[in-house]
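> Chain by chain, the residues run as shown.
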Amino acid sequence: MPGKQLLMTFPVTATSHTLAAYLARGGYATLRRALATMKPEDVTKEVTASGLLGHGGAAFPAGRKWGVVHLNDNQPHYLCANADEGEPGTFKDRWILENAPHLLLESMLLASYALQVRNAFVYIRGEFDLPYRRLAAAVEEAYADGYFGERILGTEFSCDVVVYRGAGSYVCGEASGLLSSLEGKRGYPRNRPPRLTVQGLFKRPTVVNNVETLANIAGIIAHGAEAYKKVGTAKCPGTQLVSISGHIARPGVYEVEYGYPMAKFLFEDCGGMLPGQPLKCIVPGGISTKVLTAAEVEPLTFDHQSFAGAGSSLGSGGMIAIAEGTCMVRLLQVMLRFYHHESCGQCTPCREGMGWMHRIIDRIVAGQGQPEDIDSLYRISRLQDGMTICGMGDAAGYATVGILDKYRSEFEYWIREKHSQLEGNLEGAVHA
Amino acid sequence: MPEIFINGQSVQAETNQTVMQAALANGFYIPYFCWHPQLSIAGNCRICTVQVEGRSWVEIACNMPVSEGLHILTDSDLVRAHRKATMQFITLNHPVDCGICDKAGECTLQDYHFAYNGSPSVSREPKVHATKYHDLSARILLDNERCILCSRCVRFTREISKSNALGIKNRGDVSLVRAAEDSPLDGDPYSDNVVDICPVGALLSKPFLQKARVWYLQPTPSVCPGCERGCSVSIWHRKAQWRLRALDPAQNTSIARVTPLENPAVNGPWICNKGRDLAQVFERPRADHALLKGKPVELAVAIAAARKLVGEARHAVALVSSWGSNEELAAFKTALAGRFTTFVKRDHEAMPGERIEDDLLIRPDKNPNTAGARAILGESSTGEPAFPADTDLVLVWGEGCNFARLPATAKVVFLNSYLQPENGHADVFIPISIQTERAGHYTNFAGVVSRFERCFAKNPSVADAQELFAGLAVGTAVTS
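Residue numbers (my numbering), protein chains in the order written: chain W, 72 to 503; chain F, 218 to 697.
The hints are simulated quantities; they were obtained by calculation from the structure and are not laboratory data. Where hints are given, some of them may not hold.
[Stated by the list, open to error] Computed from the model, here is a short list of chain F residues facing chain W with C-beta under 7 Å:
| # | residue |
| --- | --- |
| 1 | L256 |
| 2 | G260 |
| 3 | R263 |
| 4 | W274 |
| 5 | T303 |
| 6 | F306 |
| 7 | I307 |
| 8 | R388 |
| 9 | N469 |
[To be verified] A few chain F positions that, by computed beta-carbon distances, are all more than 10 Å from chain W:
| # | residue |
| --- | --- |
| 10 | R341 |
| 11 | P343 |
| 12 | S354 |
| 13 | R395 |
| 14 | W487 |
[What the hints assert, rightly or not] Reference listing, derived: stretches of chain W covered by chain F, where coverage requires no fewer than 3 residues with Cβ under 8 Å from a Cβ of chain F:
| # | segment |
| --- | --- |
| 15 | 412-420 |
| 16 | 429-438 |
| 17 | 457-466 |
Fair warning: this is a prediction, and the values are worked out from it, not measured in the lab. We put the beta carbon where it would ideally sit given N, CA and C, even for glycine.
Input sequences plus hints: build the corresponding full structure.
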């Protein structure tokens with residue numbers, strides 16, 4: 072196990088996701104105690120003190136987000152769990168939804184209590200089937216046992232939850248696009264200001280937290296902020312779920328304590344690379360983070376500061392291990408095809424730029440590349456950076472620049488020779 | 218009142234203004250496509266970038282609130298570079314078919330290209346193609362290749378006309394503006410405003426489609442006579458210096474199109490579709506000869522005959538036009554009101570299917586100057602016309618008179634602009650000019666007085682009502 076575990080603390084069995092199993096693990100006791108003994112602001116204080124970071128990718132402190140919402144401001148507040156997990160390479164929230172749905176629901180109740188939310192939402196990725204069925208069943212169980220609805224556990228606190236299924240758009244995983252979609256509109260992200268915690272869902276203060284961020288709340292309230300801070304590093308308390316895929320021996324979801332050595336994680340916990348396929352590079356946190364070469368990633372520790380120091384980011388914890396022999400040109404082609412397909416088309420630089428970059432890389436792969444195409448890709452990436460309504464323009468640029476910076480020679484080779492320097496690709500990863 | 222600084226100059230901004238609003242209100246120009254003063258902020262075109270002094274990045278001015286001491290640069294190197302880049306993104310898949318585009322000459326994209334980019338395309342990729350002629354409604358054509366997806370039209374139908382008739386479907390660079398299936402644009406009486414607010418040549422007016430290059434046209438300020446709102450409009454017609462000598466000379470004196478003329482006191486920047494179709498009102502077949510009992514005569518002969526009838530009448534009733542200008546009505550009052558029992562007539566009623574009234578602009582009285590006539594001629598003129606038994610003369614000015622209801626024994630003097638069977642039945646018929654052939658004022662239902670200017674010269678065989686009334690008064694000489 073890569074360090075201490077806060078979420079993956081029980082063996083996964085055929086029934087470990089049910090309410091009975093969750094209660095047997097001590098589930099909903101924290102909610103019962105908090106409703107009886109804590110004031111809403113105490114819950115927020117505890118979360119703020121814990122230093123819990125957002126686990127959706129940006130690592131924004133959850134307590135600071137919550138702190139913007141004013142209690143008793145005579146308007147409804149909303150809470151939305153972002154379960155629209157769509158960043159390529161990321162599938163860690165799926166583990167929580169499938170195996171610990173009640174942990175998410177109890178945490179959401181605690182958050183709703185803290186933020187005085189009457190109506191909470193889970194916006195779940197439309198393609199998620201088992202996670203949706205597990206979550207929907209858990210909501211039914213929770214309602215049946217009185218954890219949702221009017222006067223929960225005999226207290227004055229009432230809260231309802233709605234599970235809303237997305238319709239298949241990457242951009243709806245962006246908090247404001249998610250809320251637009253939840254309102255029944257096109258999933259267009261919104262300009263800031265106003266922040267969503269000031270004017271979010273239906274123009275009311277709204278907290279949108281990632282599933283994994285929320286799932287940590289129950290533990291923090293149960294054991295206290297001090298206990299939480301003892302896990303991880305000083306600047307990165309706690310753990311992060313990592314979904315690792317690619318040419319790795321044991322792909323899957325791991326809970327990694329912040330500060331854990333990367334080399335140890337990759338080569339011991341994950342069983343190293345597939346036989347005969349040495350590590351070339353790592354996509355560290357979903358494809359929107361810059362790739363790190365094997366030499367760059369091996370000395371790092373698993374925390375935001377370490378990865379930022381290497382010029383990348385832990386992002387959403389969607390790691391892709393890439394073996395030597397993998398063609399980075401085709402890898403970038405796949406990424407740009409994705410961004411082009413997923414651009415919502417609202418703002419100009421992303422709408423036009425994604426297609427532009429995609430057409431350039433397609434042309435290179437078709438053997439019609441020009442030497443200046445590499446500069447064009449750089450230029451378009453730079454011009455999208457910070458110019459779009461949501462972070463997608465930046466993200467596509469990071470992905471592109473990250474690969475071009477480190478593997479420019481492969482692009483030059485393809486443009487010159489009109490075929491790939493390397494024949495390997497990601498899809499070729501074969502797990503025994 | 219926060220003080221902000223734009224390019225180093227101090228500006229007093231309003232508390233809730235954005236940087237865009239503060240800049241425009243104080244004479245600083247920031248370019249914009251998607252922003253519109255009457256619509257919500259979309260912030261999608263990204264051309265309105267400005268730089269806060271000291272920051273190494275740019276932000277959009279349309280969504281930036283002003284704050285005390287904010288220092289804004291609207292023309293720094295960074296801002297210029299980003300505007301140029303945004304122009305390159307916007308024109309990446311734009312067909313640049315200005316040569317066949319109605320918008321050319323008044324196109325924001327065209328203007329900005331010269332102002333902020335000016336260099337040839339930096340792309341070697343083929344353009345994304347899209348529907349070139351999509352029928353959005355019976356009145357509007359959409360060219361999706363020219364569309365820059367600013368969403369102004371969509372927001373207009375949601376926020377102003379409230380028809381919700383437009384939306385965007387698909388995503389990314391294959392997004393398309395489309396009419397909603399259950400709420401077609403045909404039912405929106407304000408639909409044509411989207412043609413005006415389209416910053417490019419994507420939304421096109423079918424009646425105006427490829428009728429004229431706009432630089433051959435001039436706008437004359439006028440007032441829409443379609444209802445008592447009296448919206449300010451521009452009537453576009455061919456410039457005198459571009460007079461056609463060949464082809465159809467009627468084009469020199471015809472209305473090419475009608476667009477709103479911004480007037481915050483009356484109509485803001487909008488008009489309804491009826492106002493766009495003024496040509497259908499003003500270009501009906503005209504009466505251009507005076508008649509005595511249906512026999513063509515010289516105008517002066519008809520005027521003399523009418524004056525004789527007025528002089529002989531013992532009890533005369535006048536049905537005056539609610540399409541007359543304040544000047545004409547005042548002239549009528551001065552010259553003739555003493556000799557007539559006067560009633561203001563509703564020249565036009567709503568057409569079948571026409572919207573009668575709504576919260577935006579459309580008013581129930583479909584005549585432009587009922588309020589002006591009432592103010593000039595008095596409240597007593599507004600009742601239902603009554604004809605005493607001894608009525609021996611009826612003066613009918615304008616359309617909308619039911620001649621069957623006039624006393625059979627009374628003589629009829631009829632002043633009208635258009636060809637109508639009744640013209641020949643009147644004892645004296647005098648053709649008169651129409652709104653586009655004279656200047657004047659209308660008073661709208663709320664008391665706002667708006668001026669219209671002359672677009673075309675009138676035919677000499679047609680009288681001008683204002684002069685005519687003086688000429689009909691007893692004891693004066695014939696003046697025209």
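> Could you work out which of the previously given hints the structure breaks and list their numbers from low to high?
1, 9, 10 and 11
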